[in-house]
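Order-wise, the sequence lines are chains S and W.
Under the numbering used here, read the first sequence as residues 1 to 182, first letter to last.
Under the numbering used here, read the second sequence as residues 1001 to 1391, first letter to last.
Certain hints may be false.
Stated by the list, open to error - Subject to a maximum C-alpha distance of 20 Å in a straight line, what follows is the list of computed DMTMM-like cross-link-like pairs (lysine to aspartate or glutamate):
(1) S/Lys111 to S/Glu176
(2) W/Lys1229 to W/Glu1219
(3) S/Lys63 to W/Glu1367
(4) W/Lys1257 to W/Glu1367
(5) W/Lys1003 to W/Glu1186
(6) S/Lys63 to W/Asp1359
(7) S/Lys88 to W/Glu1219
(8) W/Lys1003 to S/Glu176
(9) W/Lys1313 to W/Asp1359
(10) S/Lys63 to W/Asp1280
(11) S/Lys142 to S/Asp68
(12) S/Lys121 to S/Asp68
(13) S/Lys63 to W/Glu1363
(14) W/Lys1197 to W/Glu1186
(15) W/Lys1243 to W/Asp1201
(16) W/Lys1313 to W/Glu1262
(17) W/Lys1287 to W/Glu1249
(18) W/Lys1003 to S/Glu181
(19) W/Lys1003 to S/Asp27
(20) S/Lys166 to S/Glu181
(21) W/Lys1287 to W/Glu1367
(22) W/Lys1336 to W/Asp1280
(23) W/Lys1204 to W/Asp1280
(24) S/Lys98 to S/Glu125
Said to hold, decoys possible - Residues of chain S placed beyond 12 Å of chain W at every Cβ, according to the derived structure:
(25) Arg9
(26) Glu19
(27) Glu125
By construction, these hints were calculated from the structure, which means they are not laboratory data.
Just so it is clear, CB atoms sit at the ideal spot from N, CA and C, and this is done for glycine as well.
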Amino acid sequence: MVEIRFHGRGGQGAVTSAELTALAAIDEGKFAQAFPSFGPERRGAPVMAFVRVSDTQIRTREKVYNPDVVVVLDPSLLQIVNVEAGLKEGGLVILNTKKSAEEVRKETGLKARLALVDASKIAMETMRVPITNTTMLGALIKGAGLLGIEALRAPIQNRFGPIAEKNLKACQRAFEETTVED
Amino acid sequence: MAKRVGMEVSIAAAEAVALADVDVIAAYPITPQTHVVEHLSELVASGHLDAEFIPVESEHSAMSCCVGSAAAGARTFTSTSSQGYALMAEICYVAASLRLPIVMVTANRALSAPINIWNDHADLMMSRDTGWVQTVAENGQEVVDLIFHAFKVAEDHRVLLPVMVNMDGFILSHMIEPILIPEAEEVRRYLPPYVPKLRLDPEKPVTIGPVGMPDVYTEAKMVHDQVLKGAKDVVVEAWQSFKSQFGREYRCVETYKSEDAETILITMGSISETAMTAIDQLRGAGKKVGLVRIRLWRPFPVEELFDAIKGAKVVAVVDRAMSLNGVCGPVCAEVKSVLYDRGARPYLQNYIAGLGGRDVTVENFIEMADQVAARAQRGDPMGYEIINVRD
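With the rest of the complex left out, here is chain W:
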């Protein structure tokens, strides 16, 4: 039986990694990820977790160790945030291209400058095109559940890609809330020991990661793209078996009161919960507003997203990061391309909210929903807007 406990989400994340019975953790502390690796190092030091904890001197080294460890066939974990991700980014591309099933928790935080330790999705978006599978949690329970799911997906021989589980820094990482921590035996049933398909072994030498000349590089990228696209089926399958084992149900895209909605808000991450409270209030006022929450960010769930929003006349996409492209935020760009490819053209407005720790409130969502409906009514030009800007 799972145990319901009050626990800081970072500690719960570390407990989940321990329950997943990892072999190697290589990590460097950075706010707001610190408590995750701190607790893992305690679990290893106290003998509760039989794993190698490699206290490296940088995030670049953390991911380099992870690459070596995963290539040797070990179940491997790391965690980072923001500038730490920026430093390890070089090796993150290598990890994905070498098809190494590393699992990383990113406690999402803004990127400098100005220096800012608080939450937004800048690091998540920086990792967008690395070819990792990426999921985004809405609450503490999801962080725990997505960690088990991440190993299941990563180590599946049809995938063999690294998986990043995103949790909003501070807003989730430093929150104490009730979490169901499953029994080790339940986790073992869901997540049997990792069986590598190919590994570095002195008895049977192989080369992993040779140079890719122009005559193979394109094909290598094409295969990576196909594998990542194909990973969606495994992601879904792993959520189905998660439901049979643990009872909780997850989908690539979740909807909330969106079936008959005229206006749909689209969110990703912990703001989705605040948005649901706003939807309840809007519905209470007789407004037909619904919510669509993106949980699988990579590969992008194109069909699922389109199914969720195809009936809407008005759509507002809420991004927690900027693309600095003069067009729209990164989530909005995906939504637009899904709609364009299917010939759908609802009124669409992009809102950028919650940068560098600025709060996104229930009231903000109510205002966005009202404003986008009014804009559509007036036929205002579509575009993007940063909300909550100080005068």
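Chain S extracted, bound-state conformation:
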């Protein structure tokens, strides 16, 4: 079982990212759960959302405490949230940043293995909005490899209708541009 935690700000689509990941996994015949951190929802405030993906039935309802993968949608969260909290040994942190791994480590002290992508830039260039949820899904697929990127097509199409193609393009571009540390 792979456990994923998304960090975003209210309105950036962290919850949607989690939902789309679970829907894609279920479409592939896997088992999955997606759920938000149930709390008062405020635009701009730090929010989290969670996903479990497994080849067998998932029989737990506890929160995700020790994720295998953490996805950070907004670079400004690194200053206020410990995104590595509870991360499993050998876990992966996937960041939306324009910085290099060295710069990120120097500024934040992050120790985990990193996957980096400038998702804000990709989102602005492909969709003209600074919303990085679908873009970061491309980075998640590249970094964690738990699904084929094609599995996201139907969930993204169902969710975004006329703007699905732009989202898919951003997702695909992030998949190509994400660099993953060994």
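Please build the complex by placing chain W on the supplied structure of chain S, with the hints as guidance.
Chain W in isolation, oriented as in the chain S frame:
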């Protein structure tokens, strides 16, 4: 063929209500039930569901509309949570006493104060003595399946009582997970159109709900009690026909690795799944621990529960609500009376867990199982304890 889809459980619940072909929905939104009625209103507005959606101004009115609608012979649904249940409670007693087969999904949530929108079983326990049939779901699939089952039981002429399907708020209501949604035709085969036994009809006027003077009130209550007790057979029968139609099997009480268990945990609702994972780990460590999960809460499945726990030397009952009685939690009270009446006296400890959205983890169940076994060994006094309390 059923379709396997990833879906939020609340949306799946609404889809199940639509598949059950309801005639009337009267509901008022409240967290965490909101998505259920929101989606139903969309289904009605878009023409996918041919039903009356009555957007009432309160839960009291929601249940009042349901009473009128069910008395007129319509298949009727509503849904609520917590404070909403508290407001409609007055009419919930009326619905049960008038023998009206309303189905309600309760997205279980704590009761104020302090104001808390998160999950526990306070509302479920508040509704405990209303005389409704009550089932409690462990996962999203069960929510869907128990909704079909609820209409089947409620509308059976041997029952004609309202049925409440309980799903843990947020933990289930806001979870996206894989769910098998059956075909409309399969649901129609399982759940034919409702045939009222008696209904309000201007052509054949009857009175439903007159005053009950002291010379009939006791008898009315006695009949209600007998009907509710008798409803268990219909509940079981409806699960048997559910199995023939859909293949999934449900019982009043489920067991998990409990046959040779020395210690048995008893749970109800979504924590049961977490508890099963804990049991697997405890068994892996060579500990003889098993689980008993209560699915039918009202009428309480006395014989089934006793059969499931009669071999155990040590029992831990996990309640997700308090009774504030200084004795024990509400599930534990039922377990104790079942044991007392049958002269059985295992070591029994009650744990109160998961109030107002506090998480109940696999580790918590492992600790409870270990602790109750150690307590029994030492011969500590039996009682109740609230776990996960902050220092």
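Q | Earlier hints that do not hold, by number | A | The structure breaks hints 1, 7, 8, 9, 12, 14, 15, 17, 18, 20, 22, 23, 26; every other hint is satisfied.
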